[in-house]
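Chemist: Work the whole structure out from these sequences, hints included.
Now for the letters of each chain:
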Amino acid sequence: MMAAAGAAALAACKGHSPETVARAGHPAGPTDGKDRQPSSIPDGNNRPAAVQLPRVSILSVPAYTQDLYDIARRMVADHQLDVRGRTVVLKPNLVEFEPDSSINTHPLLVHAAYEAFRAAGAATVRIAEGPGHRRITLDLADAAGYFRTIPRFEDLFVDLNLDDVTRVWPKSEFSAMEKLYLPNTALGADLLVSMAKMKTHHWVGATLSMKNLFGTVPGGVYGWPKNMLHWSGITECIADLHTVYPNQFAIVDGIVGMEGNGPIQGTPKHAGVLVAGRDPVAVDATCCRIMKIDPLRIGYLRLATINPAVLAEENIEQTGEKIATVATPFNLIPEFSGIRLG
Amino acid sequence: MSIENLISKQNRDGGWAYVRGGSWTEPTIYAMLALSSAGESIAVRRGADWLRSIARPDGGWPPRAGVDESTWVTALVGLLPPETIGEAFHRKAIDWLMDTTGEESSAIYRLRQWLLGNPTPASDRDYPGWPWIPGTAGWVGPTSFAILALEKEDHRRASRKVRHRIEGARQFLLRRTCEGGGWNHGSSRPLGYPSRAYPETTGLALAALRGVRSPEVSQGIAMAKGFLADCRSADALNWLRLGLRAHGELPPGFCTPTDVEYRTTQDQSLDLVMTAGEQGQEYFWG
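Which chain is which? The protein sequence lines are A and B, in order. Oh and the first sequence: position 131 is 156 in the numbering used here, straight run, nothing missing. Oh and the second sequence: position 79 is 165 in the numbering used here, straight run, nothing missing.
Honestly, I wouldn't trust all of these hints.
As the list claims (entries may be wrong) - Cβ pair distances, simulated, as ranges:
1) B:R243 <-> A:S362: 31 to 41 Å
2) A:P176 <-> B:E364: 50 to 60 Å
3) A:R192 <-> B:P276: 22 to 32 Å
4) B:R198 <-> A:R192: 22 to 32 Å
5) B:R243 <-> A:R322: 53 to 63 Å
6) A:T149 <-> B:P276: 33 to 43 Å
7) B:A174 <-> A:T191: 29 to 39 Å
8) A:K347 <-> B:A151: 47 to 57 Å
9) B:S192 <-> A:R177: 41 to 51 Å
10) B:R318 <-> A:T149: 41 to 51 Å
To be verified - In silico contact screen, one side only, chain A against chain B (beta carbon under 10 Å); selected entries:
11) R160
12) D184
13) V190
14) P250
15) I289
Since the hints were made in silico from the structure, they are not lab data. A virtual CB, placed ideally from N, CA and C, is assigned to each residue, including glycine.
Modeler: Pasting the structure below:
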C-alpha cells in the first residue's frame with residue numbers, strides 16, 4: 026500500500042495521475058496482470074507470458090575470457106529469444122576511452138553476443154552506438170579495442186549520432202520532450218539489445234540498461250553532449266526513452282563495472298556478473314541490488330513503473346546466481362549516499 | 087580522399103551524408119569548402135542549392151532536411167563565403183547567430199533561477215556562448231563555430247555589436263578550460279571533479295581564440311601540441327591543425343601520420359580544407 030501511495034504521489038508531483046501513466050501506454054507491471062515482455066519477439070514455445078513475472082538471469086562470470094561465447098549462447102537460449110530472420114541491434118555503452126578504466130562495455134562480450142544472435146538465426150546483427158560527449162565514435166571504438174576484437178567491425182557498426190533519423194513522440198510524458206528524432210537503425214530493430222556497463226552515475230545514481238538508451242539519441246541533431254536530455258530532465262527522459270523501444274533485451278556487463286564518480290571518472294569495480302532479461306526495468310532493479318543500491322531510490326525506475334511494488338525482489342523471477350551471493354557494494358559519491366540499500 | 091571521390095559521394099539532392107544515407111548540413115558544408123579549395127564549382131553550386139532549400143523561416147538551418155529546428159549548424163552556413171550561399175541567406179545566418187545564446191544566459195532563465203533561490207553567476211549573463219540547439223546551455227563546440235563565423239563577418243563588415251558578442255564568447259571559452267589546459271565539450275569540473283581535455287575540442291577552441299593571448303591559451307597550445315604527437319583520430323587532427331595554425335604554432339612541415347583512417351565525409355573534407363589553409367587558402371578566418 027505504501028508503495029502504491031508513493032507512486033501516486035510521485036505521479037502527482039510530475040503532473041501525472043497514475044491513470045495518465047496507464048493511458049500513455051507504458052508496459053504494465055505484473056501486478057496489473059499484463060504482459061511486461063516485448064510483444065513482437067515471441068518466446069520459443071509461444072507460451073503466453075501474461076501471468077509470468079519478468080525473468081532476470083544473473084550469471085557469475087569472473088573474467089573476460091573465451092567462455093563468454095558459450096555463456097552468451099546459453100543466455101539467448103535461456104531467455105527463449107526467437108530472432109530467426111529478425112534484425113537485432115546491439116547497443117553497447119561506448120562513452121570514452123581511458124586505459125585501465127572500465128567505462129565501456131567490453132568488446133569481447135559484444136562480439137560474443139553478436140555470435141550468439143547470429144547462431145540463433147538472426148538475419149542481421151548490427152552494433153550501434155552514439156557517444157554523448159565526443160564525436161569521434163569510430164576512433165573511440167578503435168581505442169577501446171572493438172576493431173581488434175570484432176572482425177569486420179566497421180562493416181557491422183552504425184554510428185547512431187550520424188544515422189538517418191525519424192521523428193517520434195514518446196508514449197509516456199514524464200519529461201519536457203514533446204518529440205524526438207531517433208536513428209532509423211535503432212527504431213527499425215526487431216530486437217534492440219541494450220548492452221550496458223554496470224556503473225554508478227553522478228547525476229542519476231546508477232547507469233544500466235535504461236540509461237544506456239541515451240546513446241540512441243543522435244548527436245547529429247542534438248549535439249555533443251545531448252544537452253536537450255538534461256534540460257528536459259535526465260531522470261524523466263530515461264523513463265520516456267524506455268517507452269520508445271518496445272522490443273528490448275538487456276545485458277548488463279558487470280564483470281568489471283565502475284564505482285564512485287561514474288560514468289566516466291570512477292574506478293573499476295569487479296562484480297563478476299552478467300545480468301540479462303527482457304524487461305529492462307527488472308534487469309536494472311536487479312543490478313541495483315547487486316550494487317547494493319536501493320532501486321526504489323532510483324528516480325527513473327520509479328517513473329518507469331506504475332506500481333513500485335513491481336521493483337520488489339519477490340516480483341522479479343531471478344535465475345542463476347542469487348543476488349545475495351554476488352552482491353557487492355559499489356562505492357557512491359557523497360551526493361548519492363542516500364540510495365544505499367539498507 | 088580525392089576530390090573526385092568526394093564529388094562521387096554527393097547525394098542526388100546535392101548534399102552529403104556523414105557516412106552514408108541522407109544529406110546533413112554539416113558534412114555538406116565541409117564538402118563544399120573542400121571542393122571550393124579545388125576550384126570545383128558545379129558540385130558546390132548543387133550543395134548551395136540544397137542548403138537554400140532547407141533554410142528555415144526563422145533564418146537558421148536544421149541539421150538535416152525534415153528536422154524542424156534551427157541549430158548550431160547555422161554557424162557553419164555563416165562560415166561559407168556569402169557569394170556561395172547568397173548574400174541574403176548569409177545575412178539570415180548571421181542574424182540568427184546574433185539572436186541566439188545558451189539558455190543559461192537568458193533573462194527568463196536567470197529570473198526563474200533567482201526566484202527559486204539559485205542565482206546564476208554574472209558571467210552567464212555577461213559572457214554568453216551558443217547552444218547546440220536553442221533552449222539548452224552554451225557549449226564549447228557551437229560557441230567556437232559561432233565565433234569563427236562572426237569573426238569572419240566582422241572582418242568583412244565591422245560591427246561593434248558583433249565584436250561585443252565575439253569578445254563575450256571568448257571569455258565563455260576561457261572560463262571553461264580543463265585543469266592542466268585545453269578544452270573538452272565544456273564541462274571542465276562536473277560536480278567539482280576535474281575532467282580532462284579532448285584533442286578535437288582543444289583544437290577548435292584554439293581556432294576560435296585566434297589572436298587572444300592568455301595563460302589559458304598558452305596552456306591550450308601546449309596541450310594541443312601533446313595531442314598532435316599522439317593522436318590518431320582524423321577529426322581530432324584536423325581541428326588540432328587549425329587550432330595550432332591559428333596561433334602560428336603548427337610545427338613546420340607537419341604531416342598527418344600515414345596510419346590515420348579517414349572514415350567520414352567530415353574527416354576527408356576537413357583534411358583537404360586544412361591542407362588548403364596550410365598552403366595559404368583560408369576558409370576559417372579572414
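Chemist: If you test the structure against every hint from before, which numbers come out violated?
Modeler: Those not satisfied are hints 1, 2 and 10.
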